[in-house]
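Chains as they are written, first to last, in my numbering: chain R, 1 to 321; chain P, 1 to 374.
Since the hints were made in silico from the structure, they are not lab data.
Don't be surprised by glycine CBs; every beta carbon is placed ideally from N, CA and C.
One or more of the hints may lead you astray.
[Said to hold, decoys possible] A few chain R residues that face chain P, going by a derived Cβ cut-off under 7 Å, partial list only:
no., residue
1, T24
2, D94
3, F97
4, L206
5, R207
6, S250
[Said to hold, decoys possible] Beyond 12 Å from chain P on every Cβ pair, some chain R residues (computed):
no., residue
7, E208
8, N209
9, Q253
10, E280
11, N292
12, H299
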Amino acid sequence: MDFEKNQVPLSLIDSEDQTFRITTETGIDDILDSIKNVGLINPPILIKKKSKYTIICGFRRIAAYQILGLLNIEAKILGSNDRELDCIKIAITDNSFQRPLNLIEQSRSLFMLSGFFKDITSLADAASSLGLPCNPSLIKKIINIYHLPSPIQKGILSNTISLAMAVELGAFEKDAGITFARIFNDLKLGLNKQRELITLINEISLRENIPVMKVIQESNFQEILQNDEFDRTKKTEKLRFYLKKRRYPSIAQAEQDFESLINELKLKNGMKLIPPKNFEGNTFIIKLYFNNLKELQDHSDTLKKIIQNPIFKKQVSGVGD
Amino acid sequence: MNREPDNLSSYKIYIDKDVVDSSQVNPILSRLKVPAVVVNNAREVYDAVSCADDPVRKGKKILFLTRNKGDFIRKCPGTRYYTCCDYKILHIGTFCTMDCSYCIMQSYFHPPVLQYFVNRDDLETELNNLFAKKSICRIGTGEFTDSMIWEMWTDLSAFLVSKFSRQSCAVLELKTKTTAIEKLKSLRHNRKTIIAWSLNTTKVIEDEELRTASLAARLKAAAKCEEWGYPLAFHFDPMIIYDGCEEDYRGVIGQLFSHVSSENIVWISLGSFRFMPSLKSIIKKRFPDSKIIYGEFIQGLDGKMRYFKPLRIKLYQNIISHIRSIAPDVLIYFCMEDDEVWKKSLGFIPSECGGLPGMLDESAARHCGLNVVE
Numbered sequence: 001m002d003f004e005k006n007q008v009p010l011s012l013i014d015s016e017d018q019t020f021r022i023t024t025e026t027g028i029d030d031i032l033d034s035i036k037n038v039g040l041i042n043p044p045i046l047i048k049k050k051s052k053y054t055i056i057c058g059f060r061r062i063a064a065y066q067i068l069g070l071l072n073i074e075a076k077i078l079g080s081n082d083r084e085l086d087c088i089k090i091a092i093t094d095n096s097f098q099r100p101l102n103l104i105e106q107s108r109s110l111f112m113l114s115g116f117f118k119d120i121t122s123l124a125d126a127a128s129s130l131g132l133p134c135n136p137s138l139i140k141k142i143i144n145i146y147h148l149p150s151p152i153q154k155g156i157l158s159n160t161i162s163l164a165m166a167v168e169l170g171a172f173e174k175d176a177g178i179t180f181a182r183i184f185n186d187l188k189l190g191l192n193k194q195r196e197l198i199t200l201i202n203e204i205s206l207r208e209n210i211p212v213m214k215v216i217q218e219s220n221f222q223e224i225l226q227n228d229e230f231d232r233t234k235k236t237e238k239l240r241f242y243l244k245k246r247r248y249p250s251i252a253q254a255e256q257d258f259e260s261l262i263n264e265l266k267l268k269n270g271m272k273l274i275p276p277k278n279f280e281g282n283t284f285i286i287k288l289y290f291n292n293l294k295e296l297q298d299h300s301d302t303l304k305k306i307i308q309n310p311i312f313k314k315q316v317s318g319v320g321d
Numbered sequence: 001m002n003r004e005p006d007n008l009s010s011y012k013i014y015i016d017k018d019v020v021d022s023s024q025v026n027p028i029l030s031r032l033k034v035p036a037v038v039v040n041n042a043r044e045v046y047d048a049v050s051c052a053d054d055p056v057r058k059g060k061k062i063l064f065l066t067r068n069k070g071d072f073i074r075k076c077p078g079t080r081y082y083t084c085c086d087y088k089i090l091h092i093g094t095f096c097t098m099d100c101s102y103c104i105m106q107s108y109f110h111p112p113v114l115q116y117f118v119n120r121d122d123l124e125t126e127l128n129n130l131f132a133k134k135s136i137c138r139i140g141t142g143e144f145t146d147s148m149i150w151e152m153w154t155d156l157s158a159f160l161v162s163k164f165s166r167q168s169c170a171v172l173e174l175k176t177k178t179t180a181i182e183k184l185k186s187l188r189h190n191r192k193t194i195i196a197w198s199l200n201t202t203k204v205i206e207d208e209e210l211r212t213a214s215l216a217a218r219l220k221a222a223a224k225c226e227e228w229g230y231p232l233a234f235h236f237d238p239m240i241i242y243d244g245c246e247e248d249y250r251g252v253i254g255q256l257f258s259h260v261s262s263e264n265i266v267w268i269s270l271g272s273f274r275f276m277p278s279l280k281s282i283i284k285k286r287f288p289d290s291k292i293i294y295g296e297f298i299q300g301l302d303g304k305m306r307y308f309k310p311l312r313i314k315l316y317q318n319i320i321s322h323i324r325s326i327a328p329d330v331l332i333y334f335c336m337e338d339d340e341v342w343k344k345s346l347g348f349i350p351s352e353c354g355g356l357p358g359m360l361d362e363s364a365a366r367h368c369g370l371n372v373v374e
């Protein structure tokens, strides 16, 4: 591939044409400082299209030159006969061999390449030679990110949303995916809590044949989400509780009833009553912690009262009663 | 909902090279008249199934004729956490041509494929050994497959029914969702074969049990079998909880007793929907419209997902009271429930009545004329 090195007037460079842009970085402060101190080390690469030049790589360098008010920039000019695929490869290589690409940049790169390969195997081969992921199933996931709405892509860039979660969000209607991304970002939820929230909301929606957005827009949900008196942790806790109650009403009620029973029993410090897991088995556990005979005697007195409590009797009434 | 019988031409047969000369193979080939391929091992068949977009669906269209390299007679895989009925499985084949959303076999076999075991001599030897023990035994073919789907291709039921008719310690249960009973009409059964149907509400059958017979058709078939002298059994399993389900199940019970007489029912079992967690993603993918996985499930003591216990008990109480109001003497039992559920739903626990296996043995003996003293 032949380059011609030339001084190109900035006015002839079409900065609006983002066809070959890989980087997600838009800030140019670092480059400005570098150019001011040592000048342009690595000239941008351009290709002539009609009367203007399209940028293949060097978007931020050219932006820095514009800010500095310079009129011309030294650039490498590709022959106009060079194929688009070659331009894409140059654009990717210029980024991927300098620094690790983030997921969005990988997605852009793979998407740009994908149009030129008829199957995933040949795409994977090409990706590998350009420093991109080469596992076909990973490529399929990453490439789909390119089509996700901007808030989800931003969540990926800010590390709020993982690749796995981005794929899940991509399966929702656009507005639902965006709303989830915003909630995750606002509440700073980790992956497990994101999954829990999505699963609960999605299953409510599927069970009741209503759109996901309708579940999210329900007043109880929104009241928690928009309550300024709650911090993020409190909001998360309340949302999870509300959704669990909505998804599993009988189970949530049983847990609440058991909580009321514990309060009613007025258990002393050092005494714990644990129900059977999921209320499925029949074995209740009482744990006693004591440091001396007096404390053990106190526990004994409390136990006697507990055993006489009618609500407790009903709760533990099993097969043998 | 697709209730059309399967188009036989869409099947493909694979024959294990070791059984090519089996006397069972040719009659099957002549009935099916579809392409057959001899394979060196099962892997070739599994590969053909696994490469499909929907291996479960593909596995329903491939019939693999092979030998049962393990035991034909096996213990039913119960768990120690829930009361098991000590049933025996007659392992004549695997998988099913019908397509129920909740079917555990979708995730039980890797990959799932219709297999029919043609080593009839080994089957017969094991049955002879079982009968020689002279102890009461309940055994069925409907655990890893539907008992009656093999009727259109094989003489299996004719062989089994007549084999069981010539002894008096064991009873065979043929459990089905089909109406493939015509061949049973002329068989000498000596009441040693129980014909059993899985029953469910019309909503569940229509929404979740693809390519099965309708409720009305199943009950009509049951009435015919009763007319031919067969003892009957019914299994409400899996019961699915949904709005209005209790009324629907009561309706099914009403229909059941308007078709058959309670005196001829050996047992009725009840079991609510339970599944290994891995089945959930399969149902989601293969049956996206199904809502059965969105019930209130907890993980049970055996690791399976089950309805929250109070919900199960409430459903059982309702259904049992209705059965008892019509047929107070019919033996009702639970498949895989614990003593608390038994006590709260049926009013007793099995150990108070000699244990569940003993209760079922007694009913089988009474209805089928079992007699271990010869």
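Hints, verified against the model:
At a threshold of 7 Å, the smallest CB-CB gap from R/T24 to chain P is about 33 Å, leaving the interface hint violated. Given hint, R/D94 at the interface with chain P, is violated; its Cβ is 40 Å from that chain's nearest Cβ, farther than 7 Å. Against a cut-off of 7 Å between C-beta atoms, the interface hint on R/F97 is violated, since the closest Cβ of chain P lies about 38 Å away. For R/L206, the interface hint holds, since its Cβ comes within 7 Å of a Cβ in chain P; the closest pair sits about 6 Å apart.
Restraint check, R/R207 versus chain P: the minimum CB separation of about 4 Å is within 7 Å; hint holds. About 5 Å separates the beta-carbon of R/S250 from the nearest beta-carbon of chain P, less than 7 Å, and the hint is met. Distance check on R/E208: its Cβ comes as close as 9 Å (rounded) to a Cβ of chain P, failing to clear the 12 Å threshold; non-interface status is violated. At roughly 8 Å, the least C-beta separation between R/N209 and chain P is not larger than 12 Å, which violates its mark as non-interface.
Under the 12 Å C-beta cut-off, the non-interface status given to R/Q253 relative to chain P is violated; the minimum distance is some 9 Å. Here R/E280 does not stay apart from chain P, with its beta-carbon only about 6 Å from theirs, under the 12 Å limit. Against the 12 Å criterion, R/N292 stays outside the reach of chain P, whose nearest CB is about 38 Å from its own CB. Chain P leaves R/H299 outside its interface by the beta-carbon criterion, the shortest separation being 28 Å against a cut-off of 12 Å.
Hints 1, 2, 3, 7, 8, 9, 10 from the earlier list are contradicted by this structure; the remaining hints agree with it.
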